[in-house]
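Sequence lines, in order, name chains Z and H. Residues 0 to 337 (numbering that gives the first Met the number 0) make up the first sequence, in order. Residues 0 to 108 (numbering that gives the first Met the number 0) make up the second sequence, in order.
Think of the hints as simulated: they come from the structure by calculation, not from any bench. Predicted model only: the values in this text are computed from it and were never measured. From the three backbone atoms N, C-alpha and C, an ideal C-beta is built for every residue, glycine too. Do not rely on the hints blindly, as some may be mistaken.
[What the hints assert, rightly or not] Looking from chain Z toward chain H, a few residues come up when the C-beta cut is under 10 angstroms (computed):
| no. | residue |
| --- | --- |
| 1 | Thr16 |
| 2 | Arg19 |
| 3 | Arg27 |
| 4 | Asp36 |
| 5 | Glu38 |
| 6 | Gly58 |
| 7 | Leu62 |
| 8 | Glu114 |
| 9 | Pro211 |
| 10 | Leu301 |
| 11 | Ile303 |
| 12 | Val307 |
| 13 | Ile309 |
| 14 | Leu310 |
| 15 | Gln311 |
[To be verified] Distance ranges between label pairs, derived from CB positions:
| no. | chain 1 | residue 1 | chain 2 | residue 2 | range |
| --- | --- | --- | --- | --- | --- |
| 16 | H | Leu100 | Z | Val138 | 53 to 59 angstroms |
| 17 | H | Ser95 | Z | Phe142 | 43 to 49 angstroms |
| 18 | Z | Ala39 | H | Arg24 | 25 to 31 angstroms |
| 19 | H | Glu9 | Z | Leu180 | 56 to 62 angstroms |
| 20 | Z | Asn253 | H | Arg77 | 28 to 34 angstroms |
| 21 | H | Glu81 | Z | Gly317 | 47 to 53 angstroms |
| 22 | H | Lys70 | Z | Leu41 | 39 to 45 angstroms |
| 23 | H | Gln64 | Z | Gln311 | 48 to 54 angstroms |
| 24 | H | Arg11 | Z | Val138 | 23 to 29 angstroms |
| 25 | Z | Leu180 | H | Lys70 | 20 to 26 angstroms |
[Said to hold, decoys possible] Derived DSS-like pairs (lysine-lysine); straight-line CA-CA distance at most 27 angstroms:
| no. | chain 1 | residue 1 | chain 2 | residue 2 |
| --- | --- | --- | --- | --- |
| 26 | Z | Lys208 | H | Lys70 |
| 27 | H | Lys70 | H | Lys34 |
| 28 | Z | Lys302 | H | Lys34 |
| 29 | Z | Lys11 | H | Lys34 |
| 30 | Z | Lys37 | Z | Lys17 |
| 31 | H | Lys34 | Z | Lys55 |
| 32 | Z | Lys302 | Z | Lys257 |
| 33 | Z | Lys55 | H | Lys70 |
| 34 | Z | Lys12 | Z | Lys302 |
| 35 | Z | Lys302 | H | Lys70 |
| 36 | Z | Lys87 | Z | Lys208 |
| 37 | Z | Lys257 | Z | Lys208 |
| 38 | Z | Lys11 | Z | Lys37 |
| 39 | Z | Lys55 | Z | Lys17 |
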Amino acid sequence: MELLDRYLQAVKKYLPTKRRDDILEELRANIMSELEDKEAALGRALNGDEQAAVLKQHGHPLLVGMGYSPRRHLVGPSVFPYYWVTLKAALSVTALVYTILCGLLLLFRPVTVGEIFAAVFRFPGVALNVVIWVTLAFVFLDFAGDKIVTKWRFLNSWNPRDLPGVEPKAKNRHHPITDFLFSVSLLLYLLILPRYPYLLIGPGALFFKSSPFEIAPALVTFYWVFVALVAVQTLVKGILLFRASWRQHQPIVNLVYKGIGLIVTLLLVHAHHYVVVSASADNYAHFQAVADKVNYALLLSLKITAIVMILQVGWEVGRMIIARLHREGVARQDMRPS
Amino acid sequence: MELFENLRLELRRGCLIVAVLAQLRTERYGYTLRKALAEDGLAIDEGTLYPLLRRLEGQGLLVSQWREEDKRNKRFYRLSSEGEVILQQLLQEWQSINASLERILQQDK
């Protein structure tokens with residue numbers, strides 16, 4: 000019954016989280032009974048095409064799953080599944096474009112911390128606009144008649160045999176407890192670093208201490224931001240130990256971490272000075288020239304890092320969107336009005 | 000034709016709930032209920048019936064329990080005591096509407 004497993008897996012993605020397993024078990028029992036009934040009538044096992052026909056008759060996974068959602072009124076039930084898929088796709092694309100545009104602007108133009116926060120806090124407004132326009136469009140379509148939406152040609156054919164294969168049970172490559180303990184260790188390591196710098200640069204710590212150079216204040220700020228980020232990660236990982244259902248959102252959480260990491264890197268890019276010459280140093284001009292070279296090299300490497308991070312975040316968001324669209328077969332295959 | 004289809008669906012929607020409640024005076028699980036309704040001439044999509052059962056249960060009109068039958072766990076539904084009262088009220092209303100319609104149609108003849 001691999002086809003049934005694939006079908007139920009597809010339905011699962013649209014079911015309300017709270018009752019998901021219970022509904023799936025019930026659906027499985029009902030469909031199994033129907034398949035067995037047909038087998039008893041034919042006196043033989045059903046072949047793949049016959050199984051697919053039963054599942055197709057049952058309805059597109061999106062429609063079946065959404066049928067269990069609470070009733071909505073602004074957009075009618077027959078149009079709602081199409082609205083939901085379109086809204087999610089529109090928000091994902093908006094987030095991707097917004098992140099890339101802001102990232103590029105921040106990279107190539109001097110900005111303040113306030114501007115970065117303003118860019119982050121501006122996103123909900125942009126997202127709200129998208130929600131409003133998509134909703135208005137679907138309210139109009141619903142009003143004009145759901146036939147307009149349900150007649151979309153590319154939505155009208157789907158085949159259960161095209162559904163993605165059953166995903167293997169998550170391999171515990173990163174066991175949550177190991178992950179959490181690693182995070183705690185990293186946090187402790189970071190916290191003791193200022194006291195024991197040789198843990199980071201080994202014997203170089205002694206040399207640095209007696210050198211005429213000092214770490215710039217920007218780097219100290221970065222250090223605390225980084226510590227805060229790791230602390231938040233540790234906290235989230237700690238929560239995940241007890242809330243297993245949250246783990247399904249892990250890819251999004253990881254993406255958020257990367258986004259924050261990118262912002263911190265961009266802040267560093269704009270700091271320009273990472274090493275300064277201590278005021279009491281002899282031959283100040285000579286050491287300043289050395290510090291400038293070190294700062295330039297660090298700035299260059301940070302810019303390259305930022306570009307790689309922007310591409311990485313863009314790539315991952317793109318992959319998530321494509322994976323989501325593919326999984327949902329996006330409803331881009333049939334949806335039979337119920 | 001499209002208008003007729005919309006009106007037909009509206010007319011059926013309320014009747015289906017009464018039919019489901021009436022069928023569940025005997026305990027059944029989803030698939031056998033669908034079969035029983037189809038055999039009595041009221042075919043209903045799985046995608047409509049199964050969520051409807053959940054909604055009616057949520058409204059307190061049905062009660063359900065998981066039980067093993069033919070070596071498989073199935074969720075059996077039956078009418079609750081509150082459901083029985085509501086069903087009787089709905090049937091009275093339906094009979095009243097039916098009688099009114101009959102009278103109206105008689106006047107036209």
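Right, here's what the structure says about each hint:
| no. | hint | result |
| --- | --- | --- |
| 1 | Thr16 | 15 angstroms, violated |
| 2 | Arg19 | 12 angstroms, violated |
| 3 | Arg27 | 9 angstroms, holds |
| 4 | Asp36 | 8 angstroms, holds |
| 5 | Glu38 | 13 angstroms, violated |
| 6 | Gly58 | 4 angstroms, holds |
| 7 | Leu62 | 6 angstroms, holds |
| 8 | Glu114 | 48 angstroms, violated |
| 9 | Pro211 | 74 angstroms, violated |
| 10 | Leu301 | 54 angstroms, violated |
| 11 | Ile303 | 53 angstroms, violated |
| 12 | Val307 | 46 angstroms, violated |
| 13 | Ile309 | 43 angstroms, violated |
| 14 | Leu310 | 42 angstroms, violated |
| 15 | Gln311 | 40 angstroms, violated |
| 16 | Leu100/H - Val138/Z: 53 to 59 angstroms | 35 angstroms, violated |
| 17 | Ser95/H - Phe142/Z: 43 to 49 angstroms | 33 angstroms, violated |
| 18 | Ala39/Z - Arg24/H: 25 to 31 angstroms | 27 angstroms, holds |
| 19 | Glu9/H - Leu180/Z: 56 to 62 angstroms | 60 angstroms, holds |
| 20 | Asn253/Z - Arg77/H: 28 to 34 angstroms | 47 angstroms, violated |
| 21 | Glu81/H - Gly317/Z: 47 to 53 angstroms | 52 angstroms, holds |
| 22 | Lys70/H - Leu41/Z: 39 to 45 angstroms | 21 angstroms, violated |
| 23 | Gln64/H - Gln311/Z: 48 to 54 angstroms | 51 angstroms, holds |
| 24 | Arg11/H - Val138/Z: 23 to 29 angstroms | 26 angstroms, holds |
| 25 | Leu180/Z - Lys70/H: 20 to 26 angstroms | 43 angstroms, violated |
| 26 | Lys208/Z - Lys70/H | 75 angstroms, violated |
| 27 | Lys70/H - Lys34/H | 20 angstroms, holds |
| 28 | Lys302/Z - Lys34/H | 66 angstroms, violated |
| 29 | Lys11/Z - Lys34/H | 25 angstroms, holds |
| 30 | Lys37/Z - Lys17/Z | 32 angstroms, violated |
| 31 | Lys34/H - Lys55/Z | 18 angstroms, holds |
| 32 | Lys302/Z - Lys257/Z | 16 angstroms, holds |
| 33 | Lys55/Z - Lys70/H | 26 angstroms, holds |
| 34 | Lys12/Z - Lys302/Z | 39 angstroms, violated |
| 35 | Lys302/Z - Lys70/H | 63 angstroms, violated |
| 36 | Lys87/Z - Lys208/Z | 53 angstroms, violated |
| 37 | Lys257/Z - Lys208/Z | 33 angstroms, violated |
| 38 | Lys11/Z - Lys37/Z | 25 angstroms, holds |
| 39 | Lys55/Z - Lys17/Z | 26 angstroms, holds |
Of the numbered hints stated above, those contradicted by the structure are hints 1, 2, 5, 8, 9, 10, 11, 12, 13, 14, 15, 16, 17, 20, 22, 25, 26, 28, 30, 34, 35, 36, 37, listed in ascending order.
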